[in-house]
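> Those protein sequences? They're chains X and H, same order as listed.
Counted the way our numbering counts, the first sequence spans residues 1 to 112.
Counted the way our numbering counts, the second sequence spans residues 1 to 117.
No lab work stands behind these hints: they were computed from the structure.
Built from N, CA and C at the ideal position, the CB exists for glycine as well.
Careful, some of the hints might be misleading.
[To be verified] In silico BS3-like links for lysine-lysine, alpha-carbon gap of 27 Å or less:
#1 X:Lys71 with X:Lys99
#2 H:Lys14 with X:Lys99
#3 X:Lys3 with X:Lys55
#4 X:Lys99 with X:Lys57
#5 X:Lys71 with X:Lys55
#6 X:Lys99 with H:Lys78
#7 X:Lys3 with X:Lys71
#8 X:Lys17 with X:Lys59
#9 H:Lys57 with X:Lys3
[Stated by the list, open to error] Just a sample of chain X residues kept apart from chain H, beta carbon distances all over 12 Å, derived:
#10 Lys17
#11 Thr22
#12 Arg58
#13 Glu60
#14 His76
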Amino acid sequence: SQKIEQNSEALNIQEGKTATLTCNYTNYSPAYLQWYRQDPGRGPVFLLLIRENEKEKRKERLKVTFDTTLKQSLFHITASQPADSATYLCALDPTGGFKTIFGAGTRLFVKA
Amino acid sequence: GAGVSQSPRYKVAKRGQDVALRCDPISGHVSLFWYQQALGQGPEFLTYFQNEAQLDKSGLPSDRFFAERPEGSVSTLKIQRTQQEDSAVYLCASSLRGRPVSNQPQHFGDGTRLSIL
Numbered sequence: 001s002q003k004i005e006q007n008s009e010a011l012n013i014q015e016g017k018t019a020t021l022t023c024n025y026t027n028y029s030p031a032y033l034q035w036y037r038q039d040p041g042r043g044p045v046f047l048l049l050i051r052e053n054e055k056e057k058r059k060e061r062l063k064v065t066f067d068t069t070l071k072q073s074l075f076h077i078t079a080s081q082p083a084d085s086a087t088y089l090c091a092l093d094p095t096g097g098f099k100t101i102f103g104a105g106t107r108l109f110v111k112a
Numbered sequence: 001g002a003g004v005s006q007s008p009r010y011k012v013a014k015r016g017q018d019v020a021l022r023c024d025p026i027s028g029h030v031s032l033f034w035y036q037q038a039l040g041q042g043p044e045f046l047t048y049f050q051n052e053a054q055l056d057k058s059g060l061p062s063d064r065f066f067a068e069r070p071e072g073s074v075s076t077l078k079i080q081r082t083q084q085e086d087s088a089v090y091l092c093a094s095s096l097r098g099r100p101v102s103n104q105p106q107h108f109g110d111g112t113r114l115s116i117l
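The shape of chain H in the complex, shown without the other chains:
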């Protein structure tokens, strides 16, 4: 597709359930980022992939959060045993080249709004 696609757009889950969020980056983009955005705040970095390699996962809030990009294209962010504080918008972005040398702009999807009841 022309842009970054995320699914689902909205996800409601009960506390304790596991969820999986999907990101389809722009074809051929090397870099892929996941962010968490709380209401009224800027995106907060979670993790970074260069192709299939996860080079930085320092922003993942706990070991309940796991991300993968096994073939260097589609990525999945999984949250296990969800808690209410996980409620947020999860954004995915891709850029053409790899880090850290590249200064490419990031192309964002419209996010998944996750609500934990």
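The following block holds chain X by itself, in its conformation from the complex:
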């Protein structure tokens, strides 16, 4: 069956370090993959989208990679700040479908 897996355990890092979050998927051939941020009690907020023919995408302190051979995306936050503390969700759309499938998310805590 189709599946997305994200680090189930929370990630604790020190301010200023780089946070790296992992998203693995099986039995999909997505055309693109998205990352969202979700704060407690709020809806997800779109961060970045990367297409299958793109290896890497950057936006300010954020970087996403997409390896369709490994079926994996990595999400990096450089120079992390306490304000980056949130849950980060990866999401993909099965090719040709209408639905979006989300991972369970990884909670990130950045300590000052």
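Put chain H on the given structure of chain X with help from the hints.
Frame of chain X; chain H shown alone:
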């Protein structure tokens, strides 16, 4: 409004009651999605509308769940004869263009937290 608006923010109902959850998408957005999110989990797809047409309802858990978007803007998710397992946050999202070709990001509301006693 500037973003997706959902109401009510919180809803408490007794088991067996019917509830209706409302979503006001961003004006002009073609696509509208409903998701169910359990505590500690990611959003789980329920249904998709392109304008007023419901093109995918494969995620609706049972025939007690019904969604509509009659004029292609506001949408309502209705749950009949609620059960305790329906307790969750219900999220609505909209995006500018239609599926499946579009790869537009989704804009989410802050959800309705439904508690069934």
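> Each hint needs a verdict: does it hold in this structure or not?
Right, here's what the structure says about each hint:
Restraint check: the Cα-Cα separation between X:Lys71 and X:Lys99 comes to about 19 Å, which is no more than 27 Å; the hinted pair holds. Proximity of H:Lys14 to X:Lys99 is assessed by CA-CA distance (about 31 Å); at most 27 Å being required, the pair is judged violated. Between X:Lys3 and X:Lys55, the direct Cα distance comes to roughly 21 Å. Compliance with the 27 Å bound is thereby established for this hinted pair. For the hint linking X:Lys99 to X:Lys57, the alpha-carbon distance of about 23 Å falls within 27 Å, and the restraint holds.
For the given pair, X:Lys71 sits about 12 Å from X:Lys55 by alpha-carbon distance, which is consistent with the 27 Å threshold. A C-alpha spacing of about 20 Å is found between X:Lys99 and H:Lys78, which places the hinted pair at or below 27 Å, so the restraint holds. Proposed proximity of X:Lys3 and X:Lys71 is supported: the alpha carbons are some 11 Å apart, at most 27 Å. For the given pair, X:Lys17 sits about 17 Å from X:Lys59 by alpha-carbon distance, which is consistent with the 27 Å threshold.
Restraint check for H:Lys57 and X:Lys3: the C-alpha separation of about 19 Å stays at or below 27 Å, so the hint holds. Non-interface status of X:Lys17 relative to chain H is upheld: no Cβ of that chain comes within 12 Å, the nearest being about 25 Å off. Every beta carbon of chain H lies more than 12 Å from that of X:Thr22, the smallest distance being close to 15 Å; the non-interface claim holds. Every CB of chain H lies more than 12 Å from the CB of X:Arg58, the least distance being 16 Å, so the non-interface label holds.
For X:Glu60, the requirement that its beta carbon stay farther than 12 Å from each beta carbon of chain H is met, with the minimum near 16 Å. For X:His76, the condition that its CB be more than 12 Å from all CB atoms of chain H holds, with the nearest at approximately 19 Å.
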